[in-house]
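In the order they appear, the protein sequences are chains A and B. Take 1 as the starting number for the first sequence in this note's numbering and just add one per residue. Take 1 as the starting number for the second sequence in this note's numbering and just add one per residue.
The hints are simulated quantities; they were obtained by calculation from the structure and are not laboratory data. Hints are supplied without guarantee of correctness; some may be wrong.
Quick list of in silico lysine-lysine cross-link-like pairs, DSSO-like style, CA-CA up to 30 Å [to be verified]: (1) 110/B - 96/B; (2) 220/B - 25/B; (3) 74/B - 119/B; (4) 56/A - 68/B; (5) 119/B - 104/B; (6) 110/B - 74/B; (7) 104/B - 56/A; (8) 119/B - 132/B; (9) 74/B - 56/A.
Here are the in silico distance ranges between beta carbons for each label pair [as the list claims (entries may be wrong)]: (10) 110/B - 67/A: 37 to 47 Å; (11) 51/A - 37/B: 15 to 25 Å; (12) 159/A - 123/B: 26 to 36 Å; (13) 85/A - 69/B: 41 to 51 Å; (14) 64/A - 103/B: 38 to 48 Å; (15) 91/A - 110/B: 44 to 54 Å; (16) 69/B - 166/A: 38 to 48 Å.
Even for Gly, the Cβ is constructed at its ideal location relative to N, Cα and C.
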Amino acid sequence: MNYSWDWGLLFRSPHIGWIAQGFVTTIEMAVLAWCIAMTLGSLIGTLRTLDNPIAKRIGTLYVEIFRNVPLLAQLFLWYYVIPELLPASAQKFVKRDMADPQFWTSVVGLGCYTAARVAEQVRSGIQSIPRGQRSAALAMGFSTAQVYRYVLLPIGFRTVIPSLTNDFLGVFKNSSLALTLGVMELTAAARQIEEYTFHSFEPFAAATVLYSCVTLLVISLMRVVERRTRIAGNVGTAR
Amino acid sequence: MIEVTGVSKWYQQFQVLKDCSLTIKSGEVIVICGPSGSGKSTLIKCMNGLEPFQQGEIKVGDVSVGAKGTDLPKLRSRIGMVFQNFELFPHMTVRKNITLPQVKILGRSKDESDARTIKLLERMGLPSQADKFPAQLSGGQQQRVAIARALAMDPVAMLFDEPTSALDPEMINEVLDVMVALAQDGMTMAVVTHEMGFARRVANRVVFMDQGSIVEDAPKEAFFGTPRSERAQLFLSKILQH
Ligand SMILES: Nc1ncnc2c1ncn2[C@@H]1O[C@H](COP(=O)(O)OP(=O)(O)OP(=O)(O)O)[C@@H](O)[C@H]1O
Ligand SMILES: [Mg+2]
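Could you put together the complete structure from these sequences and hints?
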């Protein structure tokens, strides 16, 4: 292979700036989308565990739709189709006045898609709790909302921390699809360097390293969180 | 205090409760016994609205449990319930298990709740366990914490569903002693149990259930003397053997 390596190009202006900017954008998208996913996902997952059949139906419908349509298709729907369906004033805002529409559309798209996965984790976490806990909490006089707030969600979340970590890493990696809408995130930055320099290995190697570093960092961080939140005295506790 | 009148309940086709009627007066202790699957748990869960029922009426004080507009959380906060498997909240310390409901349900101040918690733990013989987690306690200790948690709400009555069945034999008495003391203090209690020693000591009446029906409801002297129904006689002879 006749390839002249030039690692130095990564650190030259403007390439280094592109990579830095792309990296920050990727992190921003992942974190913002994760906030949406956790909020919406906890709500939808909770709906699926309620006794109310309508609430259950709504939760199931959400999960089925958002889990089964490919993410790329969802992003295109959010960007090209949904705005057309909005009332005129909202359309004007989305198409003209909203700052950085590609970025925010990607955040919403990633958030809603990941929410379906979070919802499934939350549901399985809650359903793994013995039925007696709910009865006991209700028997104390807690309202249904309080039963979830103080008993079911805190226990349920603890049991699914490892799966939630995976889902966060998922949204972090999936954020690269935002480049199809024109967001200059990390992968897009690497591609841009390639287009300007005809060097493809170095920029994509740099992107790979950055993606991996974040992944490893998140995994070790979540190990600590897992250990800290583990319920004392239960199986597997170091104490 | 608690008045059950003609209550029937079905799971689909299967009738779990058949026209059950039962009155528990203030200060009375009722022991409910009967073979497995006879509907004992279901009956006492109907008393605080944990299980819905299709026919009949249950009144606690002058509140109708099954009525549409009843504020069930409020009603339940006035009735303590103790479960076979303790059901302490595993992610909270003992202290928090007892304090949190007082603060969040009764609206008591944090300090007042905490003081009450400590006092109750002392009364249960567990003064030094406040900052442990439930899984770090023995079964008997957990059940006493569960009783303390229920008492912290200042209930007008207490329901017990086989409170000692999940315990090792050597821990049964520490829980029964607490329950006996409670009964002697005048607490209104409905206790599902097969501990006939407990029934002999403090029960006013013994109720025998079989296949969803209340077969026998007699003062304890009469019940232990000669139960009228053959089923109850058979049941008694079986459980008194051990
Ligand atoms: N959710 C349910 N769906 C259908 N049947 C049920 C349900 N819960 C209980 N049952 C049935 O109702 C009957 C009464 O149950 P219950 O738990 O009240 O009995 P029990 O007298 O408390 O028995 P045990 O001594 O085993 O606790 C049993 O035959 C049981 O199988
Ligand atoms: Mg039972």
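To see whether the hints hold, each was checked on the structure:
1. 110/B - 96/B: 11 Å, holds
2. 220/B - 25/B: 15 Å, holds
3. 74/B - 119/B: 24 Å, holds
4. 56/A - 68/B: Within the cut-off at roughly 23 Å; holds.
5. 119/B - 104/B: 19 Å, holds
6. 110/B - 74/B: 20 Å, holds
7. 104/B - 56/A: Holds. Residue 104/B to residue 56/A sits at ~27 Å (cutoff 30 Å).
8. 119/B - 132/B: Distance ~16 Å between residue 119/B and residue 132/B Cα, so the pair holds.
9. 74/B - 56/A: Holds - the C-alpha atoms of residue 56/A and residue 74/B are around 26 Å apart, at most 30 Å.
10. 110/B - 67/A: 37 to 47 Å: 43 Å, holds
11. 51/A - 37/B: 15 to 25 Å: 24 Å, holds
12. 159/A - 123/B: 26 to 36 Å: Between residue 159/A and residue 123/B, where Cβ atoms are some 34 Å apart, the hint holds.
13. 85/A - 69/B: 41 to 51 Å: 42 Å, holds
14. 64/A - 103/B: 38 to 48 Å: Once the Cβ atoms are compared, 40 Å apart, the range 38 to 48 Å for residue 103/B and residue 64/A holds.
15. 91/A - 110/B: 44 to 54 Å: 51 Å, holds
16. 69/B - 166/A: 38 to 48 Å: Roughly 46 Å apart at Cβ, these two residues keep to the hinted range, so it holds.
Of the numbered hints listed earlier, not one is contradicted by the structure.
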